[in-house]
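K.L.:
Just need the whole structure built from these sequences, with the hints factored in.
Protein sequences, first through last, are from chains A and B. Sequential numbering from 1 applies to the first sequence in our numbering. Sequential numbering from 1 applies to the second sequence in our numbering.
These aren't lab readings, by the way, just hints derived from the structure by calculation. Do not take every clue at face value.
Computed cross-link-like contacts, DMTMM-like style, restricted to lysine to aspartate or glutamate with a CA-CA straight-line distance of at most 20 Å [stated by the list, open to error]:
#1 B/LYS11 / B/GLU68
#2 B/LYS11 / B/ASP32
#3 B/LYS91 / B/ASP62
#4 B/LYS11 / B/ASP76
#5 A/LYS228 / B/ASP32
#6 A/LYS136 / A/GLU264
#7 A/LYS136 / A/GLU344
#8 A/LYS345 / B/ASP32
#9 A/LYS98 / A/ASP59
#10 A/LYS273 / A/GLU260
#11 A/LYS220 / B/ASP32
#12 B/LYS11 / B/GLU39
#13 A/LYS228 / B/GLU61
#14 A/LYS206 / A/GLU123
#15 A/LYS220 / B/ASP89
#16 B/LYS91 / A/ASP225
#17 B/LYS91 / A/ASP210
#18 A/LYS366 / A/GLU352
#19 B/LYS2 / B/GLU27
#20 B/LYS91 / B/GLU29
#21 B/LYS2 / A/GLU344
#22 B/LYS91 / B/ASP76
#23 A/LYS131 / A/GLU104
#24 A/LYS98 / A/GLU9
#25 A/LYS273 / A/GLU203
#26 A/LYS345 / B/ASP19
#27 A/LYS228 / A/GLU286
#28 B/LYS33 / A/ASP348
#29 A/LYS131 / A/GLU119
#30 B/LYS33 / A/GLU344
#31 A/LYS273 / A/GLU2
#32 A/LYS206 / A/GLU264
#33 A/LYS33 / A/GLU370
Stretch-level coverage of chain A by chain B, calculated; a stretch enters the list once three of its residues show a Cβ under 8 Å from a Cβ in chain B [what the hints assert, rightly or not]:
#34 156 to 167
#35 188 to 196
#36 213 to 222
#37 240 to 248
All values derive from a computational prediction rather than experimental measurement. Glycine included, every Cβ here is placed at the ideal spot set by N, Cα and C.
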Amino acid sequence: MEFMGYVRENGKVGARNHVAIIPSVNCANDVAKRINSAVANTRSLNHHQGCCQLPPDLDRVTLSLTGLGQSPNIGAVLIVSLGCEGTDVDYMAENIAKTGKPVEVIRIQELGGTRLATEKGIEIAQKLADKIAPYKRQPVDMSNCIMSIKCGASDATSGLASNCVIGYVADRIVDLGGTVVFGETTEFIGAEHILARRARTPEVGKKIYDIVNRMEARAKSLGCDMRKGQPTPGNIAGGLSSIEEKSLGAIMKSGSRTIEGVLEYTDVITDQKGLWIKDTPGREIEILTGMAITGSQAMCFSTGRGAPQGFPTMPVLKICGNPVTFQHLQEDMDVNAGLIITGEKSIDQVGEEAFRRFVGVLSGEKTHCEELEYYNSIDIYTMGPVI
Amino acid sequence: MKAMALQCNPKDNVAVLFDENAFAGMEIEVRDKAGASTEMTINQPVPFGHKLALRPIAKGEDIIKYGESIGMATADIQPGDHVHVHNMDSKRGRGDWKEE
Numbered sequence: 001m002e003f004m005g006y007v008r009e010n011g012k013v014g015a016r017n018h019v020a021i022i023p024s025v026n027c028a029n030d031v032a033k034r035i036n037s038a039v040a041n042t043r044s045l046n047h048h049q050g051c052c053q054l055p056p057d058l059d060r061v062t063l064s065l066t067g068l069g070q071s072p073n074i075g076a077v078l079i080v081s082l083g084c085e086g087t088d089v090d091y092m093a094e095n096i097a098k099t100g101k102p103v104e105v106i107r108i109q110e111l112g113g114t115r116l117a118t119e120k121g122i123e124i125a126q127k128l129a130d131k132i133a134p135y136k137r138q139p140v141d142m143s144n145c146i147m148s149i150k151c152g153a154s155d156a157t158s159g160l161a162s163n164c165v166i167g168y169v170a171d172r173i174v175d176l177g178g179t180v181v182f183g184e185t186t187e188f189i190g191a192e193h194i195l196a197r198r199a200r201t202p203e204v205g206k207k208i209y210d211i212v213n214r215m216e217a218r219a220k221s222l223g224c225d226m227r228k229g230q231p232t233p234g235n236i237a238g239g240l241s242s243i244e245e246k247s248l249g250a251i252m253k254s255g256s257r258t259i260e261g262v263l264e265y266t267d268v269i270t271d272q273k274g275l276w277i278k279d280t281p282g283r284e285i286e287i288l289t290g291m292a293i294t295g296s297q298a299m300c301f302s303t304g305r306g307a308p309q310g311f312p313t314m315p316v317l318k319i320c321g322n323p324v325t326f327q328h329l330q331e332d333m334d335v336n337a338g339l340i341i342t343g344e345k346s347i348d349q350v351g352e353e354a355f356r357r358f359v360g361v362l363s364g365e366k367t368h369c370e371e372l373e374y375y376n377s378i379d380i381y382t383m384g385p386v387i
Numbered sequence: 001m002k003a004m005a006l007q008c009n010p011k012d013n014v015a016v017l018f019d020e021n022a023f024a025g026m027e028i029e030v031r032d033k034a035g036a037s038t039e040m041t042i043n044q045p046v047p048f049g050h051k052l053a054l055r056p057i058a059k060g061e062d063i064i065k066y067g068e069s070i071g072m073a074t075a076d077i078q079p080g081d082h083v084h085v086h087n088m089d090s091k092r093g094r095g096d097w098k099e100e
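P.N.:
In structure tokens form, the structure reads like this:
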């Protein structure tokens with residue numbers, strides 16, 4: 001089976017062909033945003049990190065921005081640097097360039113301020129956009145697909161309908177030789193024993209317990225009940241009473257295949273195939289960013305109450321398990337898995353429909369959040385304090 | 001047609017009710033995964049997607065869904081009772097518990 005993708009110089013295949021405008025630090029965001037508004041087919045990746053953080057976090061931010069630029073959905077990159085940030089701009093430029101795509105850097109302080117930097121940035125971004133515009137899609141094998149998974153604004157339908165649909169799609173992609181990455185370590189709490197049983201080796205099983213213990217210890221360190229944080233007030237209103245209940249429903253979206261290993265947040269998929277875990281929190285902006293860093297071309301996103309977020313450089317397909325929400329939020333939702341709850345369709349029927357839609361998205365069909373351009377929030381998951 | 005509740009796993013002591021207008025004293029149908037169904041009466045209004053107890057659950061006993069523990073009862077629960085944060089509690093991520 002094939003999809004239509006952009007084959008990059010390093011052999012990776014993209015589902016989109018954008019110019020990424022990457023601020024190396026939050027102080028460069030406004031310049032990046034202005035360049036983005038002025039030049040078609042650019043995407044700016046405005047985040048809140050990059051300075052006054054401890055060294056391990058600054059390294060994380062450098063690696064994360066590098067991974068975002070390396071994504072096969074990106075044809076060319078413009079890095080917008082302030083000039084005095086804590087991230088390593090040379091490392092980013094050098095390592096993104098290794099994929100074979102054009103990379104340019106502008107420095108606001110060097111160019112004489114934000115207005116002049118914006119003008120220069122627009123000129124460069126326009127050249128990059130013109131350069132990648134003639135790239136054409138070509139048929140590639142489905143084994144080139146890296147699908148990421150997430151559930152957000154979950155309710156009691158998620159674990160019974162939409163997550164099961166994504167589990168079906170995940171199994172299909174693994175069976176076709178592709179790669180599937182799921183995360184949300186917080187939502188393994190109470191279900192880690194089931195995931196560990198599916199691990200390829202005892203070491204992978206132990207790693208699953210380790211990342212869950214690390215996340216639970218972090219939550220407990222503030223000395224309170226984590227409820228309200230997880231499950232969220234929306235989850236609770238939707239009928240989920242505890243993190244264990246949310247987790248047991250959440251892991252349905254990983255399907256049934258063997259778990260090959262555990263990736264750290266900044267890890268990029270090189271040639272790993274099959275089903276993988278990435279250690280991420282559950283909050284949208286940080287996990288969507290983490291999955292885009294992975295190199296995922298597109299995401300399947302399950303929701304019950306209706307989470308609208310997309311991501312600037314990675315299409316996000318919304319699969320809604322709640323039939324009432326689907327009717328109510330039709331403009332934001334892509335696939336109606338609520339028909340499983342009403343008894344009108346089976347998990348396999350909706351699963352096959354979602355799989356077809358997902359392959360279509362890989363080949364260029366727009367998701368609802370792309371149509372609505374609801375994709376401008378990103379952020380990087382950091383560990384330490386802002387200092 | 002009666003309102004339908006779903007029992008995910010035969011071990012479960014709760015089921016999820018999918019009805020937008022459930023009221024105290026309403027007769028409902030509880031269906032398991034194989035499609036077999038039993039009837040029962042709910043004791044309080046249970047919102048769409050919320051749980052009801054299928055059998056008596058004593059305070060301190062585990063609440064079971066998907067065949068696994070999702071927490072424990074913080075009060076004695078009767079069959080047909082709404083089961084949620086008012087009568088059950090998570091056992092995980094409890095920084096507020098001194099020592100487990």
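K.L.:
Of the numbered hints stated previously, which ones are contradicted by the structure, given in increasing order?
P.N.:
5, 6, 7, 11, 13, 14, 20
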